[in-house]
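Line by line, the protein sequences are chains A and B.
Sequential numbering of the first sequence, starting at 0, is according to numbering that gives the first Met the number 0.
Sequential numbering of the second sequence, starting at 0, is according to numbering that gives the first Met the number 0.
Treat the hints as calculated values from the structure; they're not laboratory data.
Don't be surprised by glycine CBs; every beta carbon is placed ideally from N, CA and C.
Honestly, I wouldn't trust all of these hints.
Estimated spans, in silico, between C-beta atoms of each pair [as the list claims (entries may be wrong)]: (1) B:ALA12 with A:ASP159: 27 to 35 Å; (2) A:MET211 with B:THR104: 23 to 31 Å; (3) A:MET211 with B:ALA24: 31 to 39 Å; (4) B:THR104 with A:GLU71: 20 to 28 Å; (5) A:ARG99 with B:ARG123: 45 to 53 Å; (6) A:ALA90 with B:LEU60: 13 to 21 Å; (7) A:PHE128 with B:LEU60: 27 to 35 Å; (8) B:ILE250 with A:SER63: 47 to 55 Å; (9) A:ALA90 with B:ALA12: 21 to 29 Å; (10) B:ILE54 with A:ARG164: 50 to 58 Å; (11) B:ALA12 with A:GLU71: 41 to 49 Å.
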Amino acid sequence: MDQAQVIKRTARPRRGSLVTPIRVATLLGLWALWEAVAASGLLFRDVVPSSTKVVAALATLLVSPDFYYNLELTVAEVLVSLVLGASAGVAAGLALGAARFAGKAFEPYLHYLAPTPKIVFLPILLVLFGVGPGSKIAMGTLSCFFPMALSVATGVREVDAVLLRVGRSFNLSLAQTIRKIYLPSLVPPIATGLRLGLGVAIIGCLLAEIKMSNRGLGFIIMQDYAQFRIPAMYAALIAAFAIAGLGNALVSRFVRLPGGGS
Amino acid sequence: MAAAFARSRFAPALTGLALIAALLALWQAAVALGFVSNLVAPAPTTIAASFPALIEEEGLLQRFLQTFLEAFAAASFAVLVGTPLGWWLHSKRWAGSAYENWVATFAAAPLVLLYPLFLVIFGRNAVTIVVMSFLTALPAVVLKTKEGLDGIKRVFINVGRSFRLTQPQIFWKIMLPAAVPTICNGVRLGLIYALISVVGIEFLINFGGLGELIDDLAQRWEIAMEFGAIFFVVLTSVCFFYITEKLERWIRHR
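For reference, chain A alone in the conformation it holds in the complex (with noise of 0.2 Å):
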């Protein structure tokens, strides 16, 4: 059901190959496709505005404070919504895991609430919170918590049985168990976990900020879509897109840090 899912086999580029030739040939051909677009007028001025203009408007938010200033806000969200989104997941992951009737009982429900879109929420969590960062680390929590929690799930059952006989024939206390055995052979779903939980908690928090906001890397972009700035809207929506793509390159490299990860 996650992007893990539909991701996880993909070819590795082959040295030596015509590979990164073709790849700068499309890159190329699209670039010139997009310029063709953008001076043929076949669509209203400016709403595929020349690359220049985009590059110009990209390094204007750059090196705007005001863009830092909101950007600073989303981080902030995104990880706190991360840490409380991890938090509840790995615990809920835990006890489902661990219990095989409660696993039975419960775990359907995630299961097929995983995927439901959660952005229907938002007026709920918008009464709760507020319209401040409060609704929006809501939002980003809810969006994580539950490919977190599946993942730990799945990987507590498939803990090495051996390793709890021994643990419980040391006498082990529910405490040491888990933070003998459970959590050291948790590290890959967890991170796994932390990669997928990441990826949504961005989205999550993004679109709670585009839906209502007065600050933040949505908010940037709305106010860009609602003035018609067009190619300032192309540069947030880059800058958006390069945030999303460094958090899940940087949790990627922390997946690989433990033990070879998923």
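Following the hints, position chain B against chain A.
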């Protein structure tokens, strides 16, 4: 007695339902006792009572149909475009090497954030919703089609060749049946992604079916009906995922 219940096949499902019933009762009590304002979270009975109005006055079922049709159209386009693309990436090794990672990156990209851009290009209408949802569903179909075709055992094709089957015969009689389960998984994922995207974009642009209804009700502060509509969306999604999952399993086992 308790041990016999715990051993019963239905015990986990009944326990899950009992917890939901207990939570609903707790919610009802919290509202009745004034711990939770009816304006913030109306009691479950109030939400249930709003359903007739949701159906008659707000056209819940027509909106459901609209959302479903938009999702179906987006997913159908994704299948029409995605399966040949997956086949192309499988059959042309250079294309697979050059573009498969791009498609995977595209699958992970937060495409929904681009909706202001699509609004500018296509306007606030169903085209924006369908095009964005098509793009959201497409990578899953492409990647799963390629995965299915890549995963066919070489020996099957060699057996086909030893029987002197032509290339189209090998495709229709060996490759396609072998790849169908994985392709179906891609189609199911595409349909699910399309539905999520359609509801989300309807909500964001305040246009269309169920997503628009929730946004509309929130703006009119019809809290009970808003909760009812959200409940309906969640229920619809859960039923949809359940049915498609069962269908996929059925196809896999045939």
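Outcome of range test on Cβ distance (A:MET211, B:ALA24; 31 to 39 Å) | 33 Å, holds
B:ALA12 versus A:ASP159 beta-carbon gap, inside 27 to 35 Å or not | Since B:ALA12 and A:ASP159 have Cβ atoms about 29 Å apart, the given range 27 to 35 Å holds.
Do the Cβ positions of B:ALA12 and A:GLU71 conform to the proposed distance bound of 41 to 49 Å?
-> 47 Å, holds
Take a look at whether the Cβ-Cβ distance between A:ARG99 and B:ARG123 falls inside 45 to 53 Å.
-> 50 Å, holds
Determine whether the Cβ-Cβ distance between A:PHE128 and B:LEU60 falls within the hinted range of 27 to 35 Å.
-> Taking Cβ atoms as reference, A:PHE128 and B:LEU60 lie about 32 Å apart, which means the hint holds.
Is the distance from the Cβ of A:MET211 to the Cβ of B:THR104 consistent with 23 to 31 Å?
-> 30 Å, holds
For the range 13 to 21 Å, tell me whether the beta carbons of A:ALA90 and B:LEU60 fit it or not.
-> Distance hint for A:ALA90, B:LEU60 is violated at roughly 39 Å.
For the range 50 to 58 Å, tell me whether the beta carbons of B:ILE54 and A:ARG164 fit it or not.
-> This hint holds: roughly 56 Å between Cβ atoms.
Is 20 to 28 Å a correct range for the gap between the Cβ atoms of B:THR104 and A:GLU71?
-> Taking Cβ atoms as reference, B:THR104 and A:GLU71 lie about 27 Å apart, which means the hint holds.
Does 21 to 29 Å hold as the CB distance between A:ALA90 and B:ALA12, or does it fail?
-> Between A:ALA90 and B:ALA12, where Cβ atoms are some 23 Å apart, the hint holds.
Can you let me know if the beta-carbon spacing of B:ILE250 and A:SER63 is within 47 to 55 Å?
-> 53 Å, holds
Violated hint: 6 only; the structure is consistent with all others.
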